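Asks: As a plain string of letters, each chain reads:
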Amino acid sequence: MEIDLNISISGQAGQGMNVISATLGKLFVRSGYWVFTSHDLMSRIRGGNNTSQIRVSSRAVYAPSADADILVCLDKNSLLLNKDKKNRAVVCDSAMLTDGEKISDALLPLPLEQIAKETGGDARMANTVASGAVLALLDMPLDGFNSLIDQSFAGKAPKVAEDNRKCAEQGYQYMRAHYQGKLIASLKGNGSEMPKMILSGSEAVALGALSAGLRFYSAYPMSPSTGVMEFLAARQQECGIIVEQAEDEIAAINMALGASFAGARSMTGTSGGGLALMVEGISLAGMIETPLVILDGQRPAPATGLPTRTEQGDLLFVAHAGHGDFPKAILAPSSAENAVSLTRRAFSLAEKYQIPVFLLADQYLLDSSWSAPAISLEQHAIDRESFVAPEHLKNVGSYGYKRYQLTENGVSPMLVPGTPAQVVYADSDEHTEEGHITESAKVRVAMVQKRLRKAQALRKEITPPLIFPGTEEEVYVISWGSTLGLVREAVELLRVKGRKIGSIHFTDVFPLNEDCLPPHIIKNARLIAVEQNAAGQFAQLLKAETGIAVKDMILKYDGRPFTPGYLLNEIEGCMRK
Amino acid sequence: MATVTDYASTDQIAWCPGCGNFGILASLKRALSELNLLPEQVTMVSGIGQSSKLPHYLKANMFNGLHGRGLPAAAGIRIANTAQTVIAVGGDGDGYAEGGNHFIHAMRRNVTMAYFVHNNQIYGLTKGQASPTTDERMVTGTTPEGSYLKPENPLLLAIASDCSFVARGFSGDGEQLVSLMKQAIIAEGFSFIDILQPCISFNRINTYAWYKERVRKIDETAYDPFDRIEAFRKASEWGGTIPTGVLYRNKRKSYESIKGLAGSLPLLQRPHEFAKIAELLDGFR
Numbered sequence: 001m002e003i004d005l006n007i008s009i010s011g012q013a014g015q016g017m018n019v020i021s022a023t024l025g026k027l028f029v030r031s032g033y034w035v036f037t038s039h040d041l042m043s044r045i046r047g048g049n050n051t052s053q054i055r056v057s058s059r060a061v062y063a064p065s066a067d068a069d070i071l072v073c074l075d076k077n078s079l080l081l082n083k084d085k086k087n088r089a090v091v092c093d094s095a096m097l098t099d100g101e102k103i104s105d106a107l108l109p110l111p112l113e114q115i116a117k118e119t120g121g122d123a124r125m126a127n128t129v130a131s132g133a134v135l136a137l138l139d140m141p142l143d144g145f146n147s148l149i150d151q152s153f154a155g156k157a158p159k160v161a162e163d164n165r166k167c168a169e170q171g172y173q174y175m176r177a178h179y180q181g182k183l184i185a186s187l188k189g190n191g192s193e194m195p196k197m198i199l200s201g202s203e204a205v206a207l208g209a210l211s212a213g214l215r216f217y218s219a220y221p222m223s224p225s226t227g228v229m230e231f232l233a234a235r236q237q238e239c240g241i242i243v244e245q246a247e248d249e250i251a252a253i254n255m256a257l258g259a260s261f262a263g264a265r266s267m268t269g270t271s272g273g274g275l276a277l278m279v280e281g282i283s284l285a286g287m288i289e290t291p292l293v294i295l296d297g298q299r300p301a302p303a304t305g306l307p308t309r310t311e312q313g314d315l316l317f318v319a320h321a322g323h324g325d326f327p328k329a330i331l332a333p334s335s336a337e338n339a340v341s342l343t344r345r346a347f348s349l350a351e352k353y354q355i356p357v358f359l360l361a362d363q364y365l366l367d368s369s370w371s372a373p374a375i376s377l378e379q380h381a382i383d384r385e386s387f388v389a390p391e392h393l394k395n396v397g398s399y400g401y402k403r404y405q406l407t408e409n410g411v412s413p414m415l416v417p418g419t420p421a422q423v424v425y426a427d428s429d430e431h432t433e434e435g436h437i438t439e440s441a442k443v444r445v446a447m448v449q450k451r452l453r454k455a456q457a458l459r460k461e462i463t464p465p466l467i468f469p470g471t472e473e474e475v476y477v478i479s480w481g482s483t484l485g486l487v488r489e490a491v492e493l494l495r496v497k498g499r500k501i502g503s504i505h506f507t508d509v510f511p512l513n514e515d516c517l518p519p520h521i522i523k524n525a526r527l528i529a530v531e532q533n534a535a536g537q538f539a540q541l542l543k544a545e546t547g548i549a550v551k552d553m554i555l556k557y558d559g560r561p562f563t564p565g566y567l568l569n570e571i572e573g574c575m576r577k
Numbered sequence: 001m002a003t004v005t006d007y008a009s010t011d012q013i014a015w016c017p018g019c020g021n022f023g024i025l026a027s028l029k030r031a032l033s034e035l036n037l038l039p040e041q042v043t044m045v046s047g048i049g050q051s052s053k054l055p056h057y058l059k060a061n062m063f064n065g066l067h068g069r070g071l072p073a074a075a076g077i078r079i080a081n082t083a084q085t086v087i088a089v090g091g092d093g094d095g096y097a098e099g100g101n102h103f104i105h106a107m108r109r110n111v112t113m114a115y116f117v118h119n120n121q122i123y124g125l126t127k128g129q130a131s132p133t134t135d136e137r138m139v140t141g142t143t144p145e146g147s148y149l150k151p152e153n154p155l156l157l158a159i160a161s162d163c164s165f166v167a168r169g170f171s172g173d174g175e176q177l178v179s180l181m182k183q184a185i186i187a188e189g190f191s192f193i194d195i196l197q198p199c200i201s202f203n204r205i206n207t208y209a210w211y212k213e214r215v216r217k218i219d220e221t222a223y224d225p226f227d228r229i230e231a232f233r234k235a236s237e238w239g240g241t242i243p244t245g246v247l248y249r250n251k252r253k254s255y256e257s258i259k260g261l262a263g264s265l266p267l268l269q270r271p272h273e274f275a276k277i278a279e280l281l282d283g284f285r
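Going line by line, the protein sequences match chains A and B. Numbering follows this note's numbering, in which position 144 of the first sequence is assigned residue number 144; successive positions increment by one, without gaps. Numbering follows this note's numbering, in which position 129 of the second sequence is assigned residue number 129; successive positions increment by one, without gaps.
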C-alpha cells in the first residue's frame with residue numbers, strides 16, 4: 001500500500017510536540033517507512049504556537065508536505081489557528097471544547113488529560129495518550145511504540161515506562177471504541193527499500209565531525225547551531241573530546257584556531273550574527289594557514305532576524321568573509337545523510353590545504369529529522385598527511401623547521417608544537433618562511449602567491465553539481481544546500497506531468513569551476529534558480545565565478561521552508577512566462 | 001640544563017632603544033632557563049602591539065594572533081596539549097581594552113597559563129593614544145583635553161574575578177620580576193602579572209623615574225596573599241606608593257583538573273574512538 005501522510009502536532013512552546021514527533025518518527029522508521037520531521041517554531045520558551053510535522057511515506061522523502069492528514073492539537077489556540085486547513089482528522093482534548101462546539105468536521109476529541117491523570121497519575125502524560133490515539137488512526141499495533149517507551153525511560157523507575165505504556169493503550173482503545181471507521185491509513189510495515197535510521201541535521205554534523213577525528217569544539221550558543229554543540233558536549237567523556245562554551249564568538253574561533261595550531265582537529269559553529277563576529281578570525285585562519293571547520297547554521301537576517309526560522313541568506317557573506325585574499329571552501333549539505341560525509345570532507349579539506357572550510361547549513365537542515373539508509377563510518381585512519389613526521393625533519397637541522405616554507409602547491413608541511421629541537425611560529429603579520437614579521441615587498445608577494453596557489457589545487461577537488469535525471473532536459477532548476485529533497489520532489493512531479501525538466505544541485509558551493517555545467521545545458525536549457533533568500537545569492541555567485549547567468553528565480557524569504565507542492569506551482573508559473 | 005642563550009631569537013628587535021620591554025624580555029628568558037624549560041616545551045601567545053612582538057624575540061613556539069585575542073588562542077593551545085607551558089603576553093590596550101572580555105573569562109575558565117601584561121599606560125605601536133590605564137587628565141593624541149575616563153585597576157578586577165594568581169611587577173626590577181614570572185609559570189590555573197613598564201616615546205608622565213619613586217615591594221613576611229580582603233586593600237593602593245609582588249592567590253581547581261585533562265593523555269594524542277562513534281550512530285536506528 002502506497003503511504004504518504006502528514007501528521008502535525010501543534011501546541012504551545014513547552015508542551016512537548018518535539019518529544020511526540022521524535023518518538024513517532026523513530027517508530028515509523030523502525031516499521032520501514034521514510035520520515036521527514038520538521039519544526040515550525042517561535043522564538044520563545046513557553047506559549048505561542050509551535051508545530052512539529054511528521055511526513056511518513058513508503059518512498060524516500062526529504063521534504064515536508066502542506067496539509068495534515070492527522071493534526072494533533074495540544075491547546076485550543078492551535079485548534080483555532082488550523083480550523084480552515086484541509087485536515088482529515090483532528091485529535092484534541094475534549095475538555096478544550098465547550099458543549100456542542102464544532103470547530104471542524106474532522107474533529108476527533110478524546111479526554112487526553114483526564115485519561116493521563118486517571119491512568120498515569122500525571123496530566124503531562126497526555127502526550128502519550130495522544131500518541132496512542134494517532135497510532136489507532138494509523139492502524140498500527142502498539143508493540144513497537146511500547147519498546148520505544150521502554151528505551152526512552154530506561155534510566156527511570158520501571159513505573160514511569162509502565163504508566164506511559166498504559167496511557168498509550170488507553171488512548172489507542174478510546175479511538176478504537178469511539179471512532180471506528182475513521183482510520184486514516186493502515187501502516188502495517190513497508191517492504192521495499194527501507195530506511196535504517198533517523199537523525200537530525202545537527203546530529204549528522206556532530207557525528208560527521210566525531211568520525212573525522214574532532215578533538216575540540218568551541219562555540220557560543222546561537223540558534224540553530226546550538227544543537228551540534230549540545231550533542232557533542234553530552235559526549236565529551238566517551239569520545240575523548242573537549243567542548244568549550246566561549247564568552248563570545250570571537251573567543252570561540254580564536255580558541256579553535258589555537259587548538260588547531262597545537263595539532264587537535266577543531267571546529268566552531270554559529271549562525272550569521274555570530275559569524276559576523278568571527279570574521280577577523282576567519283582572516284587569521286587564512287593568514288596563519290591553520291585548518292578550521294566552521295559551521296554556519298543560517299537563519300533569516302539581517303541582524304537578529306527570525307531566530308528560529310530558516311533561510312539561505314549568508315552565502316555571499318560567507319564567500320566574502322575575511323579581509324584580504326586567501327583561499328577558503330564552502331560546503332552546503334543537502335540532507336542529514338549528506339551532512340555526515342560532507343562534514344568529514346570539510347575536515348579533510350581544511351587540513352589538506354590549511355584553510356578555513358565552512359559548512360553552510362540552515363535551520364531547516366539542522367532542526368529537521370531525516371530518515372536515511374544505513375550510514376556507515378568506515379573505520380578509516382584519520383589522514384594527517386599535512387603534518388610532517390619528525391623523522392623527516394633531520395635535514396632541516398636543529399630548530400630549522402620553517403612553518404611557511406615556500407612550496408610548489410603552496411601547502412607547507414605542518415608540525416605539532418612540542419616536537420624535540422624544533423619550534424613552530426604562527427604569525428598574523430605578513431611573515432617570512434620561518435614565521436617572523438616582515439616588511440619585505442619581495443617576501444610579501446611570495447607569501448600572497450603561495451597562499452593563493454593552494455586555491456588552484458583546491459579547485460580541482462570541488463565536486464561538480466548533481467544533475468538529474470540527465471543532461472538533455474529543456475528546463476533545469478538550479479539549487480544548493482538543504483533544498484535538494486524538495487526540489488527533486490517537485491521536479492519529479494512535473495516530469496510525471498510530462499514536463500522536460502531536470503534539477504542541478506550544488507553541495508560544493510564555493511569555489512565554483514567554470515566547467516561545472518555541460519556547455520549544451522548552458523547554451524540550450526532554461527535555468528531557474530530556487531533559493532531560500534531574497535536576492536538569488538547563489539545565482540549571483542555562479543555568475544561571478546563562472547559567467548553562467550541564471551535569469552529566472554523562485555525566491556522564498558518568509559523564514560518558512562518550501563514545500564514540494566508550493567514549489568511545483570511556482571515552477572509552472574515561471575515556465576508559463 | 002637550559003641557559004638564557006637557548007632562547008636567543010634570530011629576529012631583529014623593533015622596539016625603541018631603552019624601552020621597558022627589554023627588561024621584561026630579559027627577565028622572561030632568565031625565568032624560563034631557571035625553570036629548565038626547553039624552547040619546544042613552551043608556547044608563547046600574543047596579540048598585537050609593541051609588547052605582543054615579544055614572542056618573535058625569544059625562541060619558543062609562537063602564536064602571534066589578533067589584537068586582543070591572545071587569551072582565547074592560548075586556552076585552545078593548552079587544552080589541546082597540556083604538555084606545553086603556555087605563556088601569553090600583551091599590552092594594556094591589547095589585554096584591557098580590545099581583549100577585556102577575554103581577560104575576565106580567562107580568569108573564570110582558569111586554564112593553566114601565565115599572562116604577562118606590559119602595562120605602560122599608553123598606546124605605543126599606534127604612537128601615543130589613551131589606554132584603559134592612562135592616568136586621568138593626561139593629554140594624548142586622542143584626548144587633547146586630557147583623558148577623562150576613569151583608569152582601570154586590572155589587579156582589583158583580577159582579585160574580584162578570583163584569579164588564581166595575581167601579581168604586579170616592574171620592568172626596572174629584574175630580580176623581583178624573574179621570581180614572580182617563575183611562580184606564575186609553575187602555578188596551577190590562570191596566573192596574571194601586571195608589569196609596569198615606562199614607554200619612553202609616548203608617556204612623559206609615568207616615566208622610569210616616576211615608577212622608581214613609587215614602587216614598594218610587598219613585605220612577604222607580613223602579608224598573606226590568600227587573604228582576599230587584604231588583597232583588595234593592597235591592590236587599591238596607587239599614586240603615592242605602588243605595591244609590587246604577589247598580591248593574591250587561591251586554591252581554585254584548574255580547568256584541566258575539572259575537565260579531566262590533567263594527568264591524562266593530551267587531547268591531540270588521544271586515540272580515535274571508532275567503536276564509540278559507531279555505537280553512537282547505532283543509537284539512531
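Hints in this document: simulated from the structure, not taken from any laboratory. From a predicted model like this one, the values you see are computed outputs, not experimental measurements. Fair warning: there could be bad hints in the mix.
[Stated by the list, open to error] Taking lysine-lysine pairs in the DSS-like style, the calculated list, with each CA pair at most 25 Å apart, reads:
{"#": "1", "chain 1": "B", "residue 1": "LYS127", "chain 2": "A", "residue 2": "LYS156"}
{"#": "2", "chain 1": "A", "residue 1": "LYS182", "chain 2": "A", "residue 2": "LYS196"}
{"#": "3", "chain 1": "A", "residue 1": "LYS450", "chain 2": "A", "residue 2": "LYS460"}
{"#": "4", "chain 1": "A", "residue 1": "LYS117", "chain 2": "A", "residue 2": "LYS76"}
{"#": "5", "chain 1": "B", "residue 1": "LYS276", "chain 2": "A", "residue 2": "LYS196"}
{"#": "6", "chain 1": "B", "residue 1": "LYS251", "chain 2": "B", "residue 2": "LYS276"}
Asks: Identify every previously stated hint that the structure contradicts and give their numbers, smallest first.
Replies: Per hint list: 1, 2 and 6 violated.
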